[in-house]
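**Student:** Listed in order, the protein sequences are those of chains H and E.
Taking my numbering, the leading residue of the first sequence gets 1278, the next gets one more, and so forth.
Taking my numbering, the leading residue of the second sequence gets 6, the next gets one more, and so forth.
Certain hints may be false.
[Said to hold, decoys possible] A partial selection of chain E residues facing chain H, derived with a Cβ cut-off under 10 Å:
(1) Leu20
(2) Gly21
(3) Trp24
(4) Leu31
(5) Phe36
(6) Gly40
(7) Glu114
(8) Leu116
(9) Ala117
(10) Gly213
(11) Met220
(12) Gly266
[Stated by the list, open to error] Reference excerpt, derived from the structure (chain H facing chain E, CB under 7 Å, subset only):
(13) Ala1296
(14) Ile1392
(15) Leu1512
[Said to hold, decoys possible] DSS-like cross-link-like pairs, simulated, lysine-lysine; straight-line CA separation at most 30 Å:
(16) H:Lys1405 with E:Lys252
(17) E:Lys63 with E:Lys252
(18) H:Lys1405 with E:Lys63
It should be emphasised that the hints constitute simulated quantities derived from the structure, not laboratory data.
Even glycine gets a Cβ: it sits at the ideal position worked out from N, Cα and C.
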Amino acid sequence: MKGAKDWREMIGWSSLWLAAGLSVLSLGAILWYILSRGLSAVSLEFLTQAPRRLGSEGGIFPTIVSTLYVTAVAMAMAVPVSLGTAIYLREYMRPSPAERLIRFSLQVLAGIPSIVFGLFGFTFFVIKLRMGFSVVAGGLTLAIMVLPTLIRAFEEAIATVPREYREASLALGADRWQTVRRIVLPTANPGLLTGIVLAIGRAVGESAAVILTAGSAMRMPVFPTDQARTMTVHLYILATEGLSDVHAYGTAAVLIVMVLLLNQLTTVTRARRRGEPRTR
Amino acid sequence: MKSRRSRKFIEWALLGSTWLALPALLLIIIFIFLGALPAFESVGLGALLTGEEWRPTKELYGLLPSVLGTLMVTGIALVIVFPVGLGLALFLTEAAPAWGARLIRRALELLAGIPSVVYGFFGIIVLVPVLRQLFGGSGFSAVTGGVVLAIMVLPTMVTLSEDALRAVPSEYRAGSLALGATHWQTVTRVVLPSAIPGISAGLVLAMGRAIGETMAMIMVVGNITGMPTSLFGPVRTLTGNIAIEMKYATGIHQSTLYAAGVFLLVTIIILNLILNSLFRRREARQ
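With the rest of the complex left out, here is chain H (with noise of 0.2 Å):
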C-alpha cells in the first residue's frame, strides 16, 4: 500500500518538473528558432537604410526610429499622468468610494484587449481630432493603454517605502508634498525606473492599437503628424504577405534582443532596489 502511495507520488512531483522543462525547453526553442535565423539577416546596412521593394531588400532603419518615436510620446505624455496619479493615490487619498472607482475603473483599463484601445484611437485622435495616422495619433492611444501599467508599478514603488521614513520627515516640520519629493520619490526610485522599463515594453511590442492609429506607410517620420511604420507592423506585413522570410527573421531577431536588452535593464534596477536605500 505504501509502495503504490509512494509511486504515486514519484508521479505528482516528477510532473512538476515536467512542466518546469517543457515551459523552459518551449521558450528556448522558440528563441533559437528565430534568433540563429534572424541574426544572420541582421547588419549594420540592415539596421541603418530604407527598406527596398516593399521590405524585401534593404534595411529597416525607419521603422525602428518610428518605433522609438512613438514610444517617447507615448511615455511622455504616460509617465507624468501615472507619477501623479500613484502619488495622489498612495499619498493623499483616504479608502473611499471614489478611489475604489479610480482603482475599479484603471482594473477595467488594463484588462481592454488593445484592439479597442486601437478602435478608440482611430475613431477619437485619427478621425474626430483630424490627426490622420500619425505618430501624435499611435503614442497617445499608447499612453492611454500603458497608463495601467505605469501606475500599478509607480504604487508598488511607492509602497515600499517604510513608513517610518515619513513619519521621521514629517516629525522633523517638512509638509507632505516636500517629503513626497526629497524621501519618498527618491528612495522609489529604482521601482519607478522598472516600471518606465515595462511600460517601454509593452509600447514597443504593441502592434494592434498602433496599426490603426500610427499607420503602415514605409516612410521615415520626421514630424509628429508624419505616418509610421513601427517594428511590430512591418514584421505583421512581412510574415502575413509572405513578402521575405530573410527579412521577417531579421525584424523578429531585433525586436527579441530589443525585449531582451529591456529585461536585463529590469534586472539592473531590482537590484538597485533590493539593495540598502540610499540616503543623503
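With the hints as your guide, set chain E onto chain H.
**Tutor:** Showing chain E alone in chain H's frame:
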C-alpha cells in the same frame, strides 16, 4: 504664502492626473458604444450575435462565426495553460531548487515581454507546418491559435497561481505535516484547495488576455468568414475581425465592428467583476 499656493497647485495637479484615468475609460466606452449604435439599431443585437453569415457586401452582419472562433481559441489555450501553469506555480513554490526557480522566473519574464507579432511569426513558421503535417488542411487553425495563446498567457497564469499558493497561511501546512501527511498530500489536499480562489483569478485573467489578443491570432488562425467547422480548421476571432476590416469599412459595416468592440468591452468588464469577487473571497478566507 507663495509656498502654500504652490503646494495647493501641486495637490490639484496630482488630483487632476488621478481623475484623468476615469474619463479616459468613460471616453473609450462612450466612443465605442456610439459607434456601435447604428449597428444595434439597424441590424439588431440578436441578429449580430446569432447571425451565422458575415458578408458585408451582401449586408449580412452575423458575428457568430467570430464569437465562436474567439471561444474556440480561448478554450484550447485555457485547457493547455491550466495544468501547465498550475504545475509551474507548484514547482516554484514546492519543488524548485533556487537555480531552477530563478531560471523559470527569468524565462517567464522574457515570455511576457516578447511582442505578440513575434509569437504570431513563430506560429506561422513552426506550428503551422507541423499541424499541416499532423492533421492535414492548411495548418492555419483554431488549434494553432490556441497553442500560441497558451504560450502567451502562461506568465499571467503562473504569476497569479504562485501568489495564491504563497498566500496560504503556513499554519495550514504545518498542521497537515504535523498530522503525519506527506509533503505531496499536504500540497494536494491542503495547500491547493485553499488557493483555489486565487488560482481561478489567474485563469480568469488569462482568459481576458486570450480573448483580447489580436495580431498573433490574425497571423495563425486563417481568418475565414464562414462558420467554424472543426478545431483543426480555420476560424476568425472577434478581435481579428475588427483589425482586418476597420481600415476600409464604412457605414453599417463599420458600425458592426464597433459592436464587436462593445462585446469585447462588456466581456472584459464582467471578467473583472468576477476577478474582484474572487479576490474578495480570498481575502475573506485569510
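**Student:** Evaluate each hint against the coordinates.
**Tutor:** Hints versus structure:
no.	hint	result
1	Leu20	holds (6 Å)
2	Gly21	holds (7 Å)
3	Trp24	holds (8 Å)
4	Leu31	holds (8 Å)
5	Phe36	holds (5 Å)
6	Gly40	holds (6 Å)
7	Glu114	holds (6 Å)
8	Leu116	holds (6 Å)
9	Ala117	holds (9 Å)
10	Gly213	holds (5 Å)
11	Met220	holds (4 Å)
12	Gly266	holds (5 Å)
13	Ala1296	holds (3 Å)
14	Ile1392	holds (4 Å)
15	Leu1512	holds (5 Å)
16	H:Lys1405 with E:Lys252	holds (15 Å)
17	E:Lys63 with E:Lys252	holds (19 Å)
18	H:Lys1405 with E:Lys63	holds (29 Å)
Consistency with the previously given hints is maintained throughout, with no hint failing.
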